[in-house]
Amino acid sequence: MKILAIESSCDETAAAVVEDGTRVLSSVVASQIAVHHVYGGVVPELASRKHVEAIVPVVREALADAGIDRSELDAVAVTQGPGLVGALLVGFSYAKAYAWGLGIPCVGVNHLEGHMSSIFLGDNPPAFPYVALLVSGGHTSLYYVTGPTDYELMGQTRDDAVGEAYDKVSKMLGLGYPGGVVIDGLAQKGNPKAIAFPRPYLDKKAFDFSFSGLKSAVGRYLKDFPDPDETRLYDIAASFQESVAVVLCHKLIYAAKVKNCRHIAVVGGVAANSRVRAIVAEAASRNHLSFHTPELQYCGDNAAMIGAIGYHRRVEGCALGLNEDAYSRARLPSNSKHK
Amino acid sequence: MNIKPSYIGELLAAGRLVLTTDSTEETEEVGRLMGRAINGPIVMTLAGDLGSGKTCFARGLARGLGVDERYPVTSPTYTIVNEYPGRLPLFHLDLYRLGGGEELEEIGYRDMQQQEGVIVVEWPERSDDDELGTDLAIVLGEEGPDERVITMRCLHPNVDLREQV
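Just so you know, the protein sequences line up as chains E and R, in that order.
Heads up: the first sequence is residues 0 to 338, going by numbering that gives the first Met the number 0.
Heads up: the second sequence is residues 0 to 164, going by numbering that gives the first Met the number 0.
No more than 20 Å apart at the CA atoms, straight line, and that leaves these computed lysine to aspartate or glutamate pairs for EDC-like:
hint, chain 1, residue 1, chain 2, residue 2
1, E, Lys222, R, Glu141
2, E, Lys256, E, Glu151
3, E, Lys1, E, Asp19
4, E, Lys170, R, Glu141
5, E, Lys95, E, Glu52
6, E, Lys95, E, Asp68
7, E, Lys1, E, Glu315
8, E, Lys1, E, Glu71
9, E, Lys192, E, Asp223
10, E, Lys95, E, Asp73
11, E, Lys222, R, Asp48
12, E, Lys188, E, Glu229
13, E, Lys170, R, Asp48
14, E, Lys95, E, Glu315
15, E, Lys222, R, Asp145
16, E, Lys95, E, Asp324
17, E, Lys1, E, Glu18
18, E, Lys170, R, Glu124
19, E, Lys170, E, Glu229
20, E, Lys222, R, Glu146
21, E, Lys95, E, Glu71
22, E, Lys222, R, Glu142
23, E, Lys1, E, Asp64
24, E, Lys256, E, Asp207
Quick partial rundown of chain E residues pointing at chain R, CB under 7 Å, derived from the structure:
hint, residue
25, Ser47
26, Val84
27, Gly85
28, Gly136
29, Gly137
30, Thr156
31, Glu163
32, Lys167
33, Lys214
34, Gly218
35, Ser327
36, Arg328
Estimated spans, in silico, between C-beta atoms of each pair:
hint, chain 1, residue 1, chain 2, residue 2, range
37, R, Gly140, E, Thr230, 27 to 37 Å
38, R, Asp67, E, Phe127, 29 to 39 Å
39, E, Lys170, R, Asp127, 20 to 30 Å
40, R, Gly143, E, Asp324, 40 to 50 Å
These are calculated hints, taken from the structure and not from any lab test.
Given the structure is predicted, the values throughout are model-derived calculations rather than measurements.
Using N, Cα and C, we set each Cβ at its ideal position, and we do this for glycine too.
Isolated chain E (complex conformation) (with noise of 0.2 Å):
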């Protein structure tokens, strides 16, 4: 079954083409792309008029990339929501309409199960049952996952995402955006264990994340030693990170444990931070664990993804109503098996 994805939920115009939810056939990220004039400039975060401009030449490139005619796709799967309406609706409706044209039917997909998802594309999926950290800018959640559209919430963040805990870091700082990027790049030339940062637990048999703590705690660093110098700035990148990556780690091996799960997953944005990705690798080699996360271009936001869910939840039968509508609020979390 070959779908064509479309993502629009918050900052990037994404399409992909994507054949049994694994076989990625192309993925075009507009914002990410070099040649810029295509689209008439850099897209710039967050507009949806620009998510406006970009969705016909995203769409037009992914389906010559994947060497296909539209005549050819099966299905068109899209972000529904969580996300900005403004951005999420133009996904959306050209998605909608664009199945409607071709006689196809449209599947409306949840972007936190596309992230969940991404594990599947490429030749290592976990087994089930294996419980997956969801790591980025907006999110911070465990879950434990025992079907590919079946799983449980078992903790998340009651503050910060992780990857705002880095931009926000990353602005106190003086540095750039994103701050993932920029404080992962400077946190490998210093000392992880220079500065003694809080490693925000809360309990250390429960699942839930606060990041919020530790950025106040490199806020008030800051503070006490203004104007770090160079190999300062190195020491406290790599001692913040230290903190966030330990503190990952140990929830999700501990979550393995308690599901008594064999395979372990870290999908989001921040599954492409280096030292997490080590810290992680490292305790599954030593707790016997099966550790897996998606190729670095399937991390960030992206289409492939809800290519991925859109498939499983084709299978199952969904297909949207022209009158639908997508959705900007995370719903109530619950334990039990939800949509």
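Once you've looked at the hints, dock chain R against the given chain E.
Same frame as chain E, now just chain R:
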């Protein structure tokens, strides 16, 4: 938390109310009391540095508005808008990533205003009180690691705190 009585006359004269809190729990409690006191649409802004307790105040506000405890009230910096169902719909915004007030249109601010709910805006400096239609401007200042000074200023034309002096 203490309301500094010596200030009150002076502050009301200036159209302000000032509270100090000694912990994040107290800051959240001030938000909760505020939430309980609200029974109609209102726009409030929350200014203060990173780590000053803006999201903490907003979490209290949500609980005071009856938002279910199972909804974690988290920072909207990345998502820009978090929406919660309470006695009144609550829109928790963070303009940190916005280029300017003109982008309010693109995040659907006008639609939110029409829903007669409670709008609470972090990093309002990206826009201004006219564009936002601010009724209540709140500033959180850091006095120590945990101590915060919360200043509230009412901008609603129907309320004139000075008349109370």
